[in-house]
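Dock chain B against chain A, hints included.
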Amino acid sequence: MAHSYTPGLKVLKKTLFRKERILPLKGKVLVKKGDNLSPETIVASTSLPGNVQMLKVNNILNIEPQDVKNCLLVKEGDSVKKGDKIAETPGLFGMFKSAVDSPVDGTVESISDTTGRVVLREAPMPVEVDAYVSGEVGEVIENEGIVVNSKASFIQGIFGIAGEKQGNLELVCKDPSEELTADKITAEMSGKILVGGSFLSLEAYKKAMSCNVAGIVVGGFNYYDLKEVLGYNLGVAITGTEKLTTALIVTEGYGSIPMSKATFELLQSHNGKNASINGATQIRAGVIRPEIVVPIESSDVDDSSSNVQEGIQEGSLVRVIRSPNFGKIGTVTSLPAELHKMESETMVRVAEINIDGKDHLIPRANLEMVELQ
Amino acid sequence: MSKKIKSILATDCGSTTTKAILIEWKNDRYRLTFRGEAPTTVEAPFEDVTKGVLNAVMEVEELSGRTILDGDKIITPDNGSKGVDIYVSTSSAGGGLQMMVAGVVKSMSGESAERAALGAGSIVMDVLASNDGRLPHEKITRIRQLRPDMILLSGGTDGGTTTHVMELAEILAAANPRPRLGQNYKLPVIYAGNNKAHDGIQETLGEISDLDIVDNIRPVLEQENLEPSRDKIHDLFMEHVMAQAPGYKKLMSWTDAPIMPTPGAVGSLIEMIAKKENISVVGVDIGGATTDIFSVFEEKFNRTVSANLGMSYSICNVLAESGLDNVLRWVPFDINRSDLTNRIGNKMIRPTTVPQSLEELVVEQAIAREALRLSFIQHKAFATSLKGVQSERTISDAFEQSASGQSIVNMMDLDLLVGSGGVLSHAPRREQSARMLIDAFMPEGITQLAVDSIFMMPQLGVLANIDSQELKDDASQAALEVFDNDCLIRLGTCVAPVGKVKPNAEMAKATLTFKDGSTKEIVINEGSLEMIEFPYEPVTIDIQPSRGIDVGAGKGESLSSTIYGGVVGLIFDGRNRPINLPKESSDRINNLLSWSDAVNEYPKGDLF
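Line by line, the protein sequences are chains A and B. Quick note: the first sequence, position 255, residue 255 per the working numbering, numbers continuous. Quick note: the second sequence, position 595, residue 595 per the working numbering, numbers continuous.
In isolation and in its complexed conformation, chain B is listed as follows:
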C-alpha cells in the first residue's frame, strides 16, 4: 500500500518540557519510532520557543540516526533517508490559552460558552453572567484584574430579547480590558449570542476590541451549537495569542497544520476514538498544577480543567479541598498529622522533588486519589444535559425525578478510562496506577483501564485534525494506529458489581472462558478486591449478579461480554459504590492492606 505520508514529526510545547515524536510507516502500519525531549524555551534567557523544539528534534535525530534538520529548518518532504513528510505541533507554553466567558444566564448561555471555551482547550478564568450576583462595578473590576487572552460573549436565543446581552457588552466596554500579552493590540472578543443584537454589539464593542461575530452558541434553548465558537477560538489563538508569544511566528511558519492548544488536541483525539469505537470514554491528565478531565458520554464531549488540583504546585489545595482525613483514609499506617501537612507544604514549595521512601510514595498516591476524585466531581457537575430545556412529561414520568441539567456521566456506561500525568504514568508499579484510577473514579460494571505512558495524546490529536484533503486520511490513520499500538498501555479491565448487599455477601459470580476453552470461576464478595494476571487478550466473561445487584445489564440481570487483560490483569472489585472505608482505624488499615496485597500494589516489607 502506498502512503502519501511516510513520516511525521510532531511536537508538544508544554510549559516546562517540549516533547517531540517521530512516527513512521513501517510494515504496513504507522508506529511511533522515536521520541525526544528538551526544556521549553519560552521564557528568558532564550525567549524563543523554536530553540526548545529544535533541541527536542535533535534528540530524535540522534536516536534515530535520521537527518531531520537542516540548520534550523525542518527538511520536508521525506526523501527516504532525510527529512519528514509533515510537521505538526501543539502548545500550552506561557500559561496556555486563558479566557473569560460571558453569558446572560449562568447555567444556560454562560455554561454553553464555558463548554465551548474549555472544549477549545482554554483555561476559563471566570464566567460572567447577568445573574451571577455581582454588581456591574464588581464585574468591571474583575475583568480589568484578569487580563484574559480573549473573551467569548454569548446570550439570548436568536431573535429574542437583546437587553441582557447588550448589558453585558456595555459592562465589557466600560471595563475596556487589556490583553495579557502584547501592550499594543486590541483584545479579541468573540460574540456568539442573539443574532438580533449584532448591530448593537458592533456599535458597543467594535471600537474598543477586535470583535468577531459567529453563529449563536444557543440559537434556540434546546440546541447547543459550539463548533463555530470553538473554531473561532482556535483561529484567534493562532492569530493573536500565539503570535504574541516569543518565537511562535517562526514555529507557525514551520508547521503543516495550525498549532492547537494542547488540551484542545487531546480532547479532539478522545472525541475521535469514542466516535470510531462507539464507546464512552473518560480521559484524565493530572499535572503539577491542574487536572484536566475529558469525557464522551451519549456522544457528547465535555472537558473540565480543575485549575488548582494538582500534584505539586497545587498539592496543598488538594489537601485544603478534600481535608486531611480524606487523604489519610487511603494511608494504611498511622502518621503524625502536623508533620504530614508540613511535608505536603514542602512539596508545594519545592515541586520537583520525588518520593524516595515507600511511605512518601503511599502518601503521594493517597493525595492523587483525592485530587482525581475532586476533579471528577467537578467534571460530573459540568457534563450535563442542557439546562433550561422544557421536556414533555407523560403520566409514566410522574414518579421520575429527572429534570433538565442532569449529569450525563454514567459510570455504568463507561467503557474506557485513560489516565495520564506523572503520578499515573510514572508510578513504579502499574498496579498502583490501576488502583488510583479505580479508587478515584469508581467505575461500575465492566470498564477497561489504560494509561498514556508518555503523554503523546496532544501530538496525535493535532495529527487527527489535519484539514488538508490530500493528507487527511493518512494523518488520521496514523493518529489512530499509534494511539492503539504505542500510546496506550492497557492495564486491564475492572469488573465492579453495584447494589445494596450485606457485608461480605456474594455480589456476583463470573465465569471466564479463555481462548483454549478452559474456564475459571470467580465469586465476587462484598468488600473484596481480587486480581487475575492476564495479558491484553480477549476473554469471554459471563456474570450472574445476585438479586438487586447490577453489572451493566440491570439489577439481577446476567451479562456476557468480551473483556481484555493487560499489564495488570483482570480486577474484580466487590467494594461497592461509593467505596466506604471503615471508620475504625484498625479495620480500615486491615482493609487497605488486604486490597494492596490482592493486586500486588506495593513491595512487601515493614509497611506492607
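Bound conformation, chain A alone:
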C-alpha cells in the first residue's frame, strides 16, 4: 500500500511519559532513582553566580587607574557589606578625603590596574528545579538533574504561550466545535485548566486571566489577538518565557477550528483530574510543541518513544492544514506516486482525500495525521 510520512501531533491515551529536569548549571541532585515524585517536589538545585557590580573607582576618586590599589581598603577575595568603605583617598593633611562605598553585599572579585575598576560579585542565586509531573525518578543524571517517568495521557498542541502550570482539568464546552466564550468562565475556575472547543476570543482569555485560571486548552485563537496579550507582535514561534497568569495551548491553529475529536474526548475522559501543562513552543529545528500531561493509574502503558509514526496510508484519517479546505478532516483514498500540478502550478506529491463525500487532491505537505492511537 502507498505510504507517506506526515507528521502529526501526539494524542496518546496511555504512555510512559519521560521528561528531563535539568539544571542550567551543574549542581546537586536531591532525589534518587525510584523515588516517588509529586509535581512540586524539588529534584535538583544549584547556585547561579551572583550578579556583578563594576565600580569605576578611579573615576569616582578622580585618580589614575594605576593609583587605585594604593587607595583600596579591601583586597581580592574579601567579603564586603553594602555601605562598607572600600576605597579612600588620603586627602590633603587627612582632610577632604573622597571615598567609595560598596553598593551591594558581596565579595571583591578583581581589581584592575589598567582600567581602575573593582569588580564586586553579589551572593550566589539559588536555582531549583521541580518534578513538573507526578511520577518517579527514572534516571539520575549526575550533578545535572533527573528524568521523570510518569504513566500518563499525553497530548501535544500546535502552539502555546507561557510556561509550566498545574491544575485540575475542567471541561467548559460540551462539544469540540463550541466556542469558549467569556460568560462560561467564572471565579470558581481559579487555578484550573479549562478545556474549550473551537475558539477562544481575546475577551474570554482576558476574563480567564482575571479569574486566575491556570491554563486553557482550545482549538483555535486569533493570531492578531496575540499582540494584545503579549504586548508585541509574535514574529517567531519561540515561546514559553512569557509571564502570564494563564497559559494557553492551541491544539489546531489560528482561527476558529474545532478541536480534534480524539483530543477532545481524551481530555473529556480526564475531566477533574490533575494535569501538568507547558505552553513552551519552539518551531525551529529541534521542534518543541506545547503539551498536556495527565498522570494516570495504569499498569499497562505503551512506551511513547517506541510509538513509531507510520505516516499516512490509504484509509488514514487526516486533517488539511492549509487553505483551501483548511481544518477539514477527511480520509485518504489514494496516494498517487506521480507529481501533480496544483492550481498554483506548483508540482507536488498529492494525496486523494475524501472530505464529506467529495474527493480532493491535496499536497501531502498540507496534510496532518489526526490520530496516532
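Don't read these hints as lab results, they were simulated from the structure. The structure displayed is predicted, hence computed values, not measured ones. Do not take every clue at face value.
Here are the computed lysine-lysine pairs in the DSSO-like style, where the Cα-Cα straight-line distance is at most 30 Å [to be verified]: (1) A:75 x B:3; (2) B:250 x B:472; (3) B:472 x A:358.
Sample of chain A residues lacking proximity to chain B, with all beta carbon distances greater than 12 Å (derived) [to be verified]: (4) 31; (5) 40; (6) 70; (7) 85; (8) 121; (9) 151; (10) 171; (11) 182; (12) 188; (13) 211; (14) 281; (15) 313.
Each residue gets a CB set at the ideal place from its N, CA and C atoms; glycine is no exception.
Below, chain B alone, put in the same frame as chain A:
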C-alpha cells in the same frame, strides 16, 4: 588536457537536508553530473551527521551507477569506474556557527568585528560595545544568557589606549561565559584588538577561556584587516564547534579540505566570481528562518544575515516588521485582513506546507518581496565605507554631503543579482522569481538576473577554497565552470531607467541589435513594465534616456552595452525608483494586473 581532479564529491549538511553533488571532468570541462539528498542526521535518534551524508551519497551512487562508497568510507582516488578524487563539505547543521562580537566603539571596531564574523559565515547573536548604552551588569547577563560558540573581541588601534578594550575583557571575564556545545571545554575567544593590550588580555582572559590572539582588525582607523580574524574563526569552527557536534570528527577525517560554514563558503564563491569577472554582485538566499545577503561593491565583500526574516519559521516577523499594508500592496485582489493574518500565522506553526491555490501563492510571493526588501535595507545599512575615518575635503567638496560610513551599495553599479532559496528557486514560473527580485531589490540601469536552482553555491564555495597547491587550480576551475554552466539559471536582464519624470512620460528609448543584424526599438514609459522573450545570448543595446533620466552613464547620457536574455528574457522596467504603487486600491490593482500580464507572471483565470 590531463586533469589532476577528474571527479569531485561535495556535500552541504544543512539543518534539515544534506545535499550531495558529483562533478566530473567531461568533454574538456567540469560539469555537474548528479545530485542526491537525504535528511540531515545531527539530531536524535541518529546523532551522527555522517549517516545523512552517506544516504545522500548513496542516492548519487544509484543515479550515476558509479561506486563511491566502500561500506561507510568514500573511495579515493577515482580509478575510472569507482571512487572520486576529492571530497569536500560545508555545514550549517545544528544551528550553524553562533558568535558574539565585541568592540570598543559600536560603529567602528564593533562593526569591523561583526563584518569579520559574518564574512566567516557565522550568525552574530549580539554586538557588545563600550558605547552600546548598556550597563556592565546588563552586558554580563546578556553574555551568560546567549552561550555563543565563540567570541571575537576587538577594539583600539595598534599602540593606542588600552583602557576601553581591557574594560570589555574584564566584563567577559566576569561573565565567565560557557560555550553552547560541550560542557567540559573552555569557550574560544579571539582577540583582534590593540596590540599593546596583548599582555593584559592574556592575563584577564587566558585562564577562563581558550584564548587566541590575532592581528588587529583595525590596526589604524583607516584600515580594516578582516582576514586574520576570519581565518581564525574558520580554524576554531573546525577545532571546537564542529568537533563537538555529533559525527563531525568522522566527517572531518573524510574531507580533503576543512569543512566550512555554509554561508562562509557561499560568500567566498561570490567574492571570487566578482573578482574574476570584475563585476558588482548581490546574492541572496531566502530560507525559512533567515535571509542571507552577500554583496561585492567596490571590490569589498559584505554579508548580512537577517536572522528573523524568512518564509516559514519567521514569516510572522516579516508581517510584523513590514506591516500588513506593505504586504497587501503587492496583492492584486481584496482579501480579508484578519483571515490573512491567521493564514500567515498558520504557516509559521506548520512551516512545511505549500501553496495549493493561486491566491495562496500570490500572498506568499508578496510576503517574499517584503522579506527581501527588508533584508536588503539591513544589508545596505551595514555595507558601508569605514566609519570614523577622516577624509580631506577641498573647496570642491564643500557642497557635497558625503561623509564616512556611507553605504557602498549602489544599485546603478550592480551587474548581477542572484537569488536562491525555496520561494525564488522553486517558484512555479521563473517570471515570478524575476518579478520578486526586481520588486524587492529595485535594480537600476542594466542588471543581469539569475537564480541558483538547487543551491549548490555552498559546495562550489568550499571547492574554490581548497588550499593544497597540487589541487588548487583544478578545484577552482571546477567551481567556476560548474557555477557558469550548471549552477545558475539565467533569467535575463532588467533595464530600468531612473529619474524625475511625469507620469506615463517617455523615460528612455532603447534599440536592440540582434546577432543577425535585425533591430528592435523599445520605448520605456514611466509606470510601464515590458518583457521581450529572448534566450541567454548576447544582444547589443543602445539606450537614449530622456533629459534628467539615468540608465547608468549619467543623467541624459546615452549608453551602449551588450546584454543577455535568459529563460525569462529582457525586462524593461519604467516604474522608476522606488516603485511607488498608487494609494487608490482600484488603480493599484490595475497596475499590478497589467505588470503581471506584461511578464506572463501568473496563469490566466479568475484572479488574473
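Hint check:
The hinted pair formed by residue 75 of chain A and residue 3 of chain B fails the criterion: a straight-line CA distance of about 69 Å is larger than 30 Å. For the proposed pair residue 250 of chain B and residue 472 of chain B, the alpha carbon gap of about 24 Å is at most 30 Å, so the pair holds. At most 30 Å may separate the alpha-carbon atoms for a hinted pair to count; residue 472 of chain B and residue 358 of chain A exceed this at roughly 61 Å. For residue 31 of chain A, the non-interface assignment is confirmed: its Cβ lies about 21 Å from the closest Cβ of chain B, beyond the 12 Å cut-off.
Listed as a non-interface residue, residue 40 of chain A keeps its Cβ farther than 12 Å from every Cβ of chain B; the least gap is roughly 27 Å. Under the 12 Å C-beta cut-off, the non-interface status given to residue 70 of chain A relative to chain B holds; the minimum distance is some 18 Å. Every CB of chain B lies more than 12 Å from the CB of residue 85 of chain A, the least distance being 21 Å, so the non-interface label holds. A beta-carbon of chain B comes within 12 Å of the beta-carbon of residue 121 of chain A; the shortest separation is about 8 Å.
With a least beta-carbon separation of about 23 Å from chain B, residue 151 of chain A lies farther than 12 Å from that chain, consistent with its non-interface assignment. Every CB of chain B lies more than 12 Å from the CB of residue 171 of chain A, the least distance being 25 Å, so the non-interface label holds. Interface exclusion of residue 182 of chain A from chain B stands, the closest Cβ pair being 19 Å apart, more than 12 Å. For residue 188 of chain A, the requirement that its beta carbon stay farther than 12 Å from each beta carbon of chain B is met, with the minimum near 32 Å.
For residue 211 of chain A, the non-interface assignment is confirmed: its Cβ lies about 26 Å from the closest Cβ of chain B, beyond the 12 Å cut-off. The Cβ of residue 281 of chain A does not lie farther than 12 Å from every Cβ of chain B; its closest approach is about 8 Å, which violates its non-interface assignment. Chain B leaves residue 313 of chain A outside its interface by the beta-carbon criterion, the shortest separation being 19 Å against a cut-off of 12 Å.
Consistency with the previously given hints fails for numbers 1, 3, 8 and 14, ordered from lowest to highest.
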